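S.K.: Below are the chains, spelled out letter by letter.
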Amino acid sequence: MIRALGWLAVLGLMAGLAAGFGYAPREAVQGNVQRIMYLHVPAVLTAYLAFVLVLAGSIGYLATRRSGWDRLAAAAGEIGVLFTGLTIVSGSIWGKPTWGTWWTWDARLTSTAVLFCVYVGYLLLRSLIEDPEARARYAAVVGILGAVNIPIVHFSVKWWRALHQPSTILGPERSPIDPAIGLALFVNWVAFTLLFAYFLSRRMEIARLEEQT
Amino acid sequence: MTYARRAWIILWKDLLIERRAKEHANALLFFCLLLLFLFQFALGPDRERLAAAVPGLLWLGFILAGLLGLGRSFLGERDNDCWEGLRLTPGDKSAIYLGKLAGNCVLMTAVEIILVVLFGVFYDVDLWTPAAPLALVLAVGTIGLAAVGTLFAAMTTQVRARELLFPVLLLPVQVPVLLATVSATQALLLGQPLADVAHWLKLLAGADLVYVTIGILTFEFVLEG
Amino acid sequence: MPSNWGYVLAAYGIAAVTLLSYWRHLARRTRALATRRPATRRAA
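Just so you know, the protein sequences line up as chains U, R and C, in that order.
Start counting the first sequence at 1; every next residue gets the next number (the working numbering).
Start counting the second sequence at 1001; every next residue gets the next number (the working numbering).
Start counting the third sequence at 2001; every next residue gets the next number (the working numbering).
These are computed hints drawn from the structure, not numbers from a lab.
Only a predicted model underlies this, so the values are computations on that prediction, with no experimental measurement involved.
Treat the hints with caution; some may be incorrect.
As the list claims (entries may be wrong) - Just a few of them, taken from the derived set where beta-carbon distance is under 7 Å, the chain U residues facing chain R:
1) Val114
2) Val118
3) Arg137
4) Val148
5) Trp160
What the hints assert, rightly or not - A few chain U residues facing chain R, derived, Cβ under 7 Å:
6) Leu62
7) Trp105
8) Leu109
9) Ala113
10) Cys117
11) Leu128
12) Val141
13) Leu145
14) Asn149
15) Ile150
16) Val153
17) Ser156
All C-beta atoms, glycine included, are put in the ideal place defined by N, C-alpha and C.
All chains should be built: construct the whole structure from the sequences, respecting the hints.
M.R.: Structure (structure tokens):
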């Protein structure tokens, strides 16, 4: 079953590549660099999905004390950090030719970087506690706080940005959506979600096997 | 024994211990003085550059002092084998959280007053004129910092590498508080009226509410085991 | 404007390497756990 999901994900990714490079047009203002968006945006959306699942797993564990919820939180946290890292790296590479700099404290990159730090901390906490029960409990508390903090981070960064710089017209956040670009984006997003589901299943299975030893 | 009374007892106990031993207070006071030097040397002799950086430095100072002070919130209980005592307290454990939170707010407030005075004197910055709105920003910012700090302190007290993990966990979560307070402080020091920073205050108040609520709801889970 | 394909390839390349490495990491861990406990291994 999981293997089928894996193959489906591969298919999806190939479709996504085709859509991103074959079907979608070359963007007028930014040129081909804009195609990184088909990687960058699905990655960040998948990361958010992952952290919502961390929240669900955390609440689920504290409410029921069943380790399945903690396995969900652990797996989703790990994969979420992976995709957040990808978001940041792809965003940075996109930014270099577009804005001339590898890093800019724009709202999305800054929020994503903060998100990355929060959940790396989450994984660090998990790695430092050996007792599975205590680990699940403490991780759950951090998982809940981290997730609930996301909108607060979002607004604070957005308003902070507004203070320091007028919003750029050319920016990954602001390109008008040509329907072909929108479709390519959608296909890639579905592909990433399938990949996430596949990774999640495998990672949770590993966690389950580990518990038994 | 009522909930409020239990919280009060925790606060009173901590204040009493502090008054008798004075270990935290003296060290933190001296630390604030050292920070003053640190910032001055890091930024160089240019007065204007320093003055422009004051809002950020002020909050950087609070956070650094907070990392030291807050991280030690439960050390007394752990070192003196009182952790079991906390766990066995009857009734809602969140009263302990609120008591500890109140104590930490008192500690942080003391640190902040000291730093504000030191900044005003040594960096020649007028912090007296905007004192009232500044105090408001300090208050909401402090609650945010202490609310999460107290919760994480309880958690990391029992974990390996406590001194490293506590800042690593606390700082990313505190980013919005830092952004909001520094922006608001900067505006106030530039002479802008309180109304201009109302949105920041609302964000901080909202964040404080969220953090304290989560602290209250999850503290019992942290205290177990 | 320059075509900047280098950047595009870099971004996708890094993504591909990262995701593939993670997949292999998962496969390796699963194998290690499965061989340690052959009695309770389940078909995926």
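S.K.: How about valine 118(U): closest beta carbon in chain R under 7 Å, or not?
M.R.: 4 Å, holds
S.K.: Does the interface hint hold: is asparagine 149(U) within less than 7 Å of chain R, judged Cβ to Cβ?
M.R.: 6 Å, holds
S.K.: If you take the shortest Cβ to Cβ gap from valine 141(U) to chain R, is it below 7 Å?
M.R.: Nearest chain R Cβ about 5 Å off; hint holds.
S.K.: Under 7 Å, Cβ to Cβ, is where tryptophan 160(U) needs to be relative to chain R, so tell me if that hint holds or is violated.
M.R.: Holds - the Cβ of tryptophan 160(U) comes within 7 Å of chain R, reaching about 5 Å at its closest.
S.K.: Restraint: alanine 113(U) near chain R, CB-CB cut 7 Å. Satisfied or not?
M.R.: 9 Å, violated
S.K.: Classify the hint on valine 114(U) as holds or violated, based on whether any CB of chain R lies nearer than 7 Å to its CB.
M.R.: Holds, because the Cβ-Cβ distance from valine 114(U) to chain R comes to roughly 5 Å (cut-off 7 Å).
S.K.: Under 7 Å, Cβ to Cβ, is where leucine 145(U) needs to be relative to chain R, so tell me if that hint holds or is violated.
M.R.: Leucine 145(U) check passes; min Cβ-Cβ to chain R is 6 Å, inside 7 Å.
S.K.: Quick check on cysteine 117(U) please, does its C-beta sit within 7 Å of some C-beta on chain R?
M.R.: Where the cut-off is 7 Å and the nearest Cβ of chain R is about 4 Å from cysteine 117(U), the hint holds.
S.K.: Holds or violated: leucine 62(U) as interface residue toward chain R, Cβ cutoff 7 Å?
M.R.: 6 Å, holds
S.K.: For the restraint on valine 153(U), tell me whether the closest CB of chain R is nearer than 7 Å.
M.R.: Holds, because the Cβ-Cβ distance from valine 153(U) to chain R comes to roughly 5 Å (cut-off 7 Å).
S.K.: Could you check if isoleucine 150(U) really has its C-beta closer than 7 Å to a C-beta on chain R?
M.R.: 10 Å, violated
S.K.: Checking hints one by one. Is leucine 128(U) an interface residue toward chain R, by the C-beta closer than 7 Å rule?
M.R.: 5 Å, holds
This entry does not satisfy hints 7, 8, 9, 15, going by the numbered hints stated previously.
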